[in-house]
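Peer 1: Build the full structure now, drawing on both the sequences and the hints.
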Amino acid sequence: MCLGIPGQIVEITDAARLMAMADVSGVRREVNVACVLTGAPEALIGQWALIHVGFAMALIDADEAARTLEALRDLGEAQETLEQMREGERALAS
Amino acid sequence: MKYASEFRDPKAARALLAEIAATCDRIGATRDKPVHIMEICGGHTHAIFRYGLDRLTHPGIEFIHGPGCPVCVLPMARVDECVELAERPEVIFCTFGDAMRVPGHRKSLLQAKAAGADIRMVYSPLDALEIARRNPAREVVFFGLGFETTTPSTALSIQAAAREGLGNFSVFCNHITVPEPIKALLDDPDMVLDGFVGPGHVSMVIGTHPYDFIARDYGKPIVVAGFEPTDLLQSVLMVLRQIEAGRAEVENQYARVVPEHGNPVSLAAIADVYERRPSFEWRGLGEIDASGLRIRDAYRAFDAEAKFGIGYGAAQGRTVVPEAEGCACGAVMTGRMKPTACPQFGKGCTPDMPLGALMVSSEGACAAYWQYGGARGVAAR
Ligand code: SF4
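The listed protein sequences derive, respectively, from chains A and B. Everything in the first sequence is counted per my numbering, starting at 1 for the first residue and increasing by one. Everything in the second sequence is counted per my numbering, starting at 1001 for the first residue and increasing by one.
Just so you know, these hints were derived from the structure itself, not from any lab. Predicted model only: the values in this text are computed from it and were never measured. Some hints here could point you the wrong way.
Listed below are the simulated SDA-like cross-link pairs for lysine to any residue, each with C-alpha atoms no more than 25 Å apart in a straight line [claimed, not checked]:
#, chain 1, residue 1, chain 2, residue 2
1, B, Lys1113, A, Arg90
2, B, Lys1338, A, Gly76
3, B, Lys1307, A, Leu92
4, B, Lys1338, B, Lys1113
5, B, Lys1011, A, Leu92
6, B, Lys1307, B, Gly1165
7, B, Lys1033, B, Pro1059
8, B, Lys1113, A, Ala65
9, B, Lys1011, A, Ala93
Peer 2: Okay, structure coming up:
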């Protein structure tokens, strides 16, 4: 919950609500991009962001993303976050 | 140096450890007269244990684990209120999974769920918003928990609910802030703190200036740090260098992610939706001035406290409830006691049968000791 996880923005899903699809270690998750918007939402496509509980909070470069992900995997936090994302999906379905 | 081989960059780690040791020697830090460095963030505590940094660094460094795990500092009364809300038949209670196993007086949220309460573990408040959209006949309450890293997410979600007129969505706000408890610890004459390693992701939101008082008013160095082991070592070294030079400044080791002035969109959303409570209760720390946030009147319709007459400010919210017998959560939380010194550690309190939240959360100091040094700790006693 306290550590963000890097994800790559792959698609803008709802420009009005500032929602985008992010690829987080192979898991696709819709995230809000209000906090990292600098111009048109489309300009975010392909960029890496640190994602906190569904919100992109900072843009980072690909190298930083890879290193952060590695540190999070080492800590077991990456696995935990991905599990929480799946849990969130289940909560919506129930 | 067994652990250092696991580092992504062992050469850099070794060089930093050597520099740390040399600086410790120059300033005369020893096992008996150590420099006390508090890492504030639970994520840092976890990383320090994962990489064995407490054992690899010079014995003249003593890591004091700070109150930076939001689940751990949650008073039992708040958990009880969550259970009470969740047990209302009309309510769908949404929470981060981290809070599920925190013991309450009667039960934890996990036990309440097992007993039939509609409790859903979500990854994001956005999930709770979506559940509210799909269940217009139910009341969807999101448990707003965490420091400044998660505060923007609930603020933006409340703004979204207001825009959409989503009347069945509310937030049970228990957001807390990082700088105020640090001030409380610095004001405590029993605490010996020589410097701080500051939280990276919190600072990404608030920037580095909220820590200015630590250097200015208390004359202590603070270095905002990233989460890789070399980030942490580098930050410890930066703290030591300040001590050696007689400086006290706010430095930013994690500038590649932390902007000096924070994230403007997040800060604007927080300011729009939340205001400070006069004080807020922390487990182990008691009431701390201005350390908690509540929802402003303009968003009252989305405030679960107002909607259900529960929570802080309600009569029950003021009762400070005692911790479980023989547990030392308070002393551990404030860095006064090491987890292994708690009489319950590994006996009455284990991750499977927790007495305190510090043993449940992956960011709790007791869980970190258990996971990475539990056997060692128990054997040593
Ligand atoms: S071991 Fe258990 S009871 Fe003791 S301080 Fe840690 S969480 Fe609290």
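Peer 1: Indicate, hint by hint, whether the structure satisfies it.
Peer 2: Taking the hints in turn, this is what the structure says about them:
Restraint check: the Cα-Cα separation between B/Lys1113 and A/Arg90 comes to about 15 Å, which is no more than 25 Å; the hinted pair holds. With a C-alpha separation of about 23 Å, the suggested pair B/Lys1338 and A/Gly76 falls inside the 25 Å cut-off, and the hint holds. For the proposed pair B/Lys1307 and A/Leu92, the alpha carbon gap of about 24 Å is at most 25 Å, so the pair holds. With a CA separation close to 33 Å, the supplied pair B/Lys1338 and B/Lys1113 exceeds the 25 Å bound.
The suggested pairing of B/Lys1011 with A/Leu92 is violated, with an alpha-carbon distance near 47 Å, which exceeds 25 Å. With a C-alpha separation of about 16 Å, the suggested pair B/Lys1307 and B/Gly1165 falls inside the 25 Å cut-off, and the hint holds. For a cut-off of 25 Å, the pair hint linking B/Lys1033 to B/Pro1059 stands: about 9 Å separates their Cα positions. A distance of roughly 36 Å separates the Cα atoms of B/Lys1113 and A/Ala65; the hinted pair therefore is violated under the 25 Å criterion.
Among the hinted pairs, B/Lys1011 with A/Ala93 is inconsistent with the structure: their alpha-carbon atoms are about 48 Å apart, more than 25 Å.
Hints 4, 5, 8 and 9 from the earlier list are contradicted by this structure; the remaining hints agree with it.
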